[in-house]
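Colleague: Residue numbers (the numbering used here), protein chains in the order written: chain L, 1 to 379; chain P, 1 to 672.
Careful: at least some of the hints might be erroneous.
[What the hints assert, rightly or not] Lysine to aspartate or glutamate pairs mimicking EDC-like chemistry, simulated, CA-CA at most 20 Å apart: (1) K487/P / E296/L; (2) K487/P / D40/L; (3) K487/P / D94/L; (4) K487/P / D81/L; (5) K185/P / D166/P; (6) K333/L / E296/L.
[Said to hold, decoys possible] Under 7 Å between C-beta atoms, here's a sample of chain L residues computed to sit facing chain P: (7) L39; (8) I44; (9) T53; (10) G73; (11) T74; (12) R75; (13) D81; (14) A83; (15) M376; (16) V378.
[What the hints assert, rightly or not] The following residues of chain P were derived to be distant from chain L, with all beta-carbon distances above 10 Å: (17) N35; (18) A58; (19) P93; (20) A141; (21) L244; (22) R281; (23) F341; (24) P350; (25) L403; (26) P509; (27) R532; (28) V656; (29) D659.
Hints were generated in silico from the structure; no laboratory data involved.
Even glycine gets a Cβ: it sits at the ideal position worked out from N, Cα and C.
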Amino acid sequence: MPRKGARESKTTKGDDAASPRVDALKPTLELARSIYDQLDAGEIPRMRLPLRTKQNIQFQMREGVWKLGRALGTRSARKLDGALMLLRTFYLVDFINEMAKEGKTSTLRELYYISEGWEEGKFHSEDESNLLIEDLEVLCERLREDFRVHPEENGASVIGDLTIRETNRKGMVKKINCRDDVGDGGYAIPFNVEKEKIEFVSSGAKFVIAIECGGMVDRLAENGFDEDHKAILLHLKGQPARSTRRFLKRLNEELKLPVVVFTDGDPWSFRIFASVAYGAIKTAHISQYLATPQAEFLGVTASDIENYKLPSDNLTDQDVRALQAELTDPRFKTAEWRSEIELMLKNGKKAEQQSLAKYGLNYVTDTYLPEKLAEMGVG
Amino acid sequence: MPPAKSLAQQLAAKQREISVAEFFERNRQILGFDNPLRALLTTVKEAVDNCLDACEEAQVLPDIKVEISKEGVDRLRVAVEDNGPGVLKREIPNVFGRLLYGSRFHANRQSRGQQGIGISAAVLYAGLTTARPAKVTSKVAEEEAAHVVELLIDTQKNLPRVVSEDLVLWDRPSGTRIELVLKAKYQRGRQSPFDYLKGTAIVNPHARFTLVEPDGTRVTYERASTEVPPVPKEVAPHPYGLELGELAYRLKATNQPTILELLQKELAGVSPRAAREILDRAGLPGKTKPAEVHGEPLEKLLAAMHEVPLVAPTSECLSPIGPMLIKRGLRNVLGEVRPEFYAPPVSRPPKVRGGFPFLVEVGLVYGGALPADQPIQLLRFANRVPLLFQQGACAVTNAVQNLDWRRYGLDQKGGQGLPSGPCLLLVHVASTKIPFTSEAKEAIAEDPEIDKEITLALQAAARHLRTHISRRTRRDLAGEKFAIILKILPKLAEKTSSLVHKPVPDLTPVITRIMDVVNVETTVAPVGDTIRAGTDVTNYTPRARVLEVFVEMPPELLPKAQHRPAPEGTDTELGRAWWTLEKLPPSGKVSIEVTFPKGTEVEASDLSWYIAGVDEAHLLGAEPLPGDWDVRLPRAVIEAAEAGLEPLPGTEEAEVDYDAAEGSARVEDDEG
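Given these sequences and hints, build the entire structure.
Modeller: So this is what it looks like as structure tokens:
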């Protein structure tokens, strides 16, 4: 299953789009050579890699996203943790090179279980294997799909007037309208949303509304919001997967559709927006590929909770700590976000987006969204 | 205003004898009977203290049994039994049924109880709360049968009232058992009889304790020592510690014909010259009869006594537990938590405070199953009695809290307060007069001299702790390094080599760079007809080394030992043998064997290994050569050791460890 497009977006468009697949794995073998050479020279083997810490992400003016800075960390066999990670890295490199030979791919979860046979190198949790794959992405400047490793389908969906052309697993090309050709569940976003898999044909929509909860997507669909307001409803399903963010970015870039983000009004939802718009710290090395800097936060805002007198809950200690952490997060360093976070801390309240049902089932589509969209000048 | 006469009459009308019962009611708190939990503890404590004192006086190894059982809703039956000398029948009512009756009140020596209020207060409390008499069974060695006496305290007269008397056969040669039924409550945990007995067992390793709890659980602390501690000697009081009332009592009670003789014979530290100087200052003729001194002359006499320089009081009257028994006691009681480290206990030399000698002892235990994330456990003892209440008000606690334990390897917020960590601390203060904060004797009062001694003892124990923790850290680090070089590095080499299609390189240089220690591993095991103590010295450092290896053993063992290879030299007087290891290359290993004939009593800990030619930071499993050994090292060893101080080329600059970086992607909650 060739996926050239994955690289296209990272480098200047088209310049090596036609490189053969093996090239994707070349950097992994270069890593092996570097460690071998160090061992051969009697040096304690080590790697240098950019620190993926909050302190080491920087705003890239040109691309409008948060990317990794220049601070480097060392992974050295001098320490037990470092030695283990080095060993795992090359079990992983070996594994993906073997997969390439056999023409196989693996899910992230399968990879975690594959490590059962790696003895000392066995992962203790799926987090560890996911992080190592990300490390390898950073080190090799490739995407995990290049390593033939992908997440499970995550089931985030799209409803609205958007026509795409998708090449399915059997190689057949299907033309699908995400409003007319799909059931109530909408069009499910696959893990691969690159051009060789999905092409945007046309759309009658004026904007995209990305929504945190499935219940709210259903409410808007049932109320005909997509048709009445010429909107594409995109279900984020909590913290959005890479493919969902990538899909959203392509809608924004290729179809020039404005994106608004509609979530619950709590600190965790603020982070959902941040990862959509500015990128996540974990994936800061591929922010330019995933983030939609033009995306705007619609609500629920801390002031919405007051203005619309929404049913609310008190912030928990964890919520408060999350908000305080956001105050030091460079992605929230704008005056607007600062005042929003401070207001929420001051009021001590959070609210779910579905709390708008207090005023009836049509209130969100008839009153709240039109008011907010008008404020933002969207739609 | 009413006339004075009328007031006096009013007051006189109100005056009547306050009964003992009323006194007790008013002073429940200080006597330790203010709630059912505490009443039980006080009862057990007073009874057990009596048992220990009785056994000590008779110089027998105590075997003490405490049985607590339910007796109705809020009542418990408490029976405490010992194998002491027993109490004569005619003395039983006085010992158990009269408050303020005792032989130790004026004795100037270290003792557990002092006021003689103890056990009779429990008898009184039992009578007041349940109206049940105390049942005392006692047998003295000379008699065939034991006497059983049931008695109550007449609260009006403060006199014992015997309810019944009987004779029974008892299989013990001698001993005393007291049974009380009282309003009380049993609960394990802090400030419980369980905790009290545990603490008592630690500081009385020569005693055997059995506790039967109300649910039938039986806890036994076997004795860990068969040495009976000597009875603390009674010594004459020292004038510096005398107060007016006490002095007046002694002047009245003495048999000495003159004040001069009294000063010299019945007080400590008073030389003939000092006695005369005291009398000169007080303006008293030496021939004055003691009983005639009262009023102003008495006060002058006391003032003079406090002014004249005297010989310091002796400390013979103190009975320290001693380092060896502290360790045994702790080991015996804490066995199940398997502590990894017992610091050598500290027993400070006696000091004097006022006219009273005192001394401080400290034991420290670390690791094992002791909870690591909680405040340390502090066990306080005064004259071998555990202090279970008023921890916050105690001078011991303050001294512990004022020490900066962070320097010694424990966590402590801001370097003040009770430190936390898997640590247990025992502090024992022994004195002929311990300044308690109150009559309940639950906390030691602040005193600059006692505080200083406690602090010095704590520091000494804490230094051992620091050494232990830093050694352990080094050992853990070495353990990690062994895991790297033995398990991970070979596989990493194999994987990368196969990925680049090359043969696996020689890993020796990398291994020695990672380890960077000279490792010494010793074993003692029977081999055939012999016992073999072997030691492997491996040079896991990146450079060749010349090393000098020493073994030291009890001198009587050395002649029995066969060495292979033959040692460079031996010293039979000191029990030492040594070898020079010439040019041990990186990863090079040398084995040295010391073999003993079968049946030799030798353990790994009998042999100490020392190495010269490498500094402590790069040495594992052996000690560097002690500084006070007067040994001339071969020139090559010295030169090689000096060369080893230069840093190797290519030493890495400080770098951020990627896998330990704070706030890394690992801790973020964003999804990929």
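Colleague: Now, for every hint given, state plainly whether the structure supports it.
Modeller: Outcome of the hint check:
no.	hint	in the structure
1	K487/P / E296/L	violated, 52 Å
2	K487/P / D40/L	holds, 18 Å
3	K487/P / D94/L	holds, 19 Å
4	K487/P / D81/L	holds, 13 Å
5	K185/P / D166/P	violated, 30 Å
6	K333/L / E296/L	holds, 15 Å
7	L39	holds, 5 Å
8	I44	holds, 5 Å
9	T53	holds, 5 Å
10	G73	holds, 3 Å
11	T74	holds, 4 Å
12	R75	holds, 5 Å
13	D81	holds, 4 Å
14	A83	holds, 4 Å
15	M376	violated, 25 Å
16	V378	violated, 26 Å
17	N35	holds, 37 Å
18	A58	holds, 60 Å
19	P93	holds, 64 Å
20	A141	holds, 67 Å
21	L244	holds, 62 Å
22	R281	holds, 71 Å
23	F341	holds, 24 Å
24	P350	holds, 50 Å
25	L403	holds, 33 Å
26	P509	violated, 3 Å
27	R532	holds, 33 Å
28	V656	violated, 4 Å
29	D659	violated, 4 Å
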